[in-house]
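Chemist: Spelled out from the first residue to the last, the chains are:
Number of protein chains: 2
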Amino acid sequence: MGLFTKDIKTMDDLFIHQLQDIYYAEQQLVKALPKMAEKASDPQLKQGFLTHLDETKGHVQRLEQVFQMHGAKAKAVDCPAIDGIIQEANETAGEVADKTVLDAALINAAQAAEHYEIVRYGSLVAWAKRLGRNDCAAILQKTLDEEKATDGKLTQLAESRINLRAAS
Amino acid sequence: MGLFTKDIKTMDDLFIHQLQDIYYAEQQLVKALPKMAEKASDPQLKQGFLTHLDETKGHVQRLEQVFQMHGAKAKAVDCPAIDGIIQEANETAGEVADKTVLDAALINAAQAAEHYEIVRYGSLVAWAKRLGRNDCAAILQKTLDEEKATDGKLTQLAESRINLRAAS
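These protein sequence lines are chains R and B, in that order.
With positions in the first sequence counted from 1, the corresponding number in my numbering is that position plus 3.
With positions in the second sequence counted from 1, the corresponding number in my numbering is that position plus 3.
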């Protein structure tokens with residue numbers, strides 16, 4: 004994609020552009036999640052980040068499968084949104100002195116990444132269906148379901164324990 | 004907040020930091036939404052952006068109210084996440100040649116911003132309650148509800164018309 008050219012002419016082009024964008028985002032999250040696990044104090048939160056790291060590696064592979072099925076080369080394009088979300092997570096985490104408060108901040112940071120992905124996969128599934136690619140949509144839906152489940156687990160963990168400890 | 008100091012020592016500090024972050028984000032969206040409305044072709048989408056612009060101005064005022072109730076000065080801190088989301092929206096929109104495809108891309112971009120806010124307001128409501136500030140939580144909940152409603156309207160608009168036209 005060129006900065007000074009209008010390369011997205013069809014819905015199919017937009018679909019592929021969005022695949023490239025989320026492909027980059029998933030790769031960045033594969034790098035970020037081990038660092039978040041390292042910073043977490045709560046054992047369940049730490050394990051949650053590591054479990055989601057494994058899932059995220061699977062999401063990268065699923066995207067490669069969708070690229071291939073759709074006859075496009077697996078390629079990443081810069082995604083300033085996920086870069087900003089990760090940068091903000093690092094900056095905030097770096098300012099937190101207390102371990103229990105840091106856990107609350109880490110959950111909030113992880114949920115920002117999850118919701119970014121939920122939006123992007125949601126659009127990808129809808130666009131794939133409109134393009135008559137129910138096969139691609141079914142694969143992308145699996146990842147969307149996992150992102151939503153992770154977000155739900157994070158909310159539950161925050162509400163059941165982490166926020167309580169952080170506020171006490 | 005200092006870059007080299009750990010200024011967030013308590014949940015209360017984290018709450019105020021997050022208020023400052025979303026205060027910046029809402030201000031950036033007040034600037035971004037008129038541009039998105041200008042780029043949109045579908046009349047309902049264009050009007051939706053303008054309606055949400057009015058709501059967003061109200062969200063800024065609500066945040067100022069919460070700052071005041073909580074005895075903190077209304078102040079914005081840089082929010083790299085919303086900057087990245089808006090930058091990505093502009094970059095992608097700049098690459099789209101077709102008007103109907105641009106509408107689909109604009110909805111996707113707007114939903115990324117909505118979900119970012121849903122996560123942040125969700126945490127703010129939960130944290131306010133843990134801090135015994137149900138009064139602040141109730142105000143923040145109003146904004147959270149509006150962000151969720153806007154996200155739902157965008158999904159409905161995409162699925163009912165915009166994606167179909169973009170893919171045809």
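Hints are supplied without guarantee of correctness; some may be wrong.
Heads up, the list lumps identical chains together, so a pair's fine if it works in one copy or across two of them.
As the list claims (entries may be wrong) - The calculated DSSO-like cross-link candidates involving lysine-lysine, where the alpha carbons are at most 27 Å apart (straight line), are:
#1 K145 with K156
#2 K78 with K156
#3 K12 with K151
#4 K9 with K151
#5 K145 with K102
#6 K132 with K49
#7 K38 with K9
What the hints contain is simulated information worked out from the structure, not anything from laboratory work.
Chemist: Look at each hint and say if it fits the structure.
Modeler: Hint by hint, here is what the structure shows:
1. K145 with K156: Result: close both inside a copy and across copies, 17 Å intra and 24 Å inter.
2. K78 with K156: For K78 and K156, the Cα distance exceeds 27 Å both inside one copy (31 Å) and across copies (32 Å).
3. K12 with K151: neither (31 Å within a copy, 31 Å between copies)
4. K9 with K151: Neither: 33 Å inside a chain and 32 Å across chains, both beyond 27 Å.
5. K145 with K102: neither (34 Å within a copy, 31 Å between copies)
6. K132 with K49: between (36 Å within a copy, 25 Å between copies)
7. K38 with K9: between (37 Å within a copy, 18 Å between copies)
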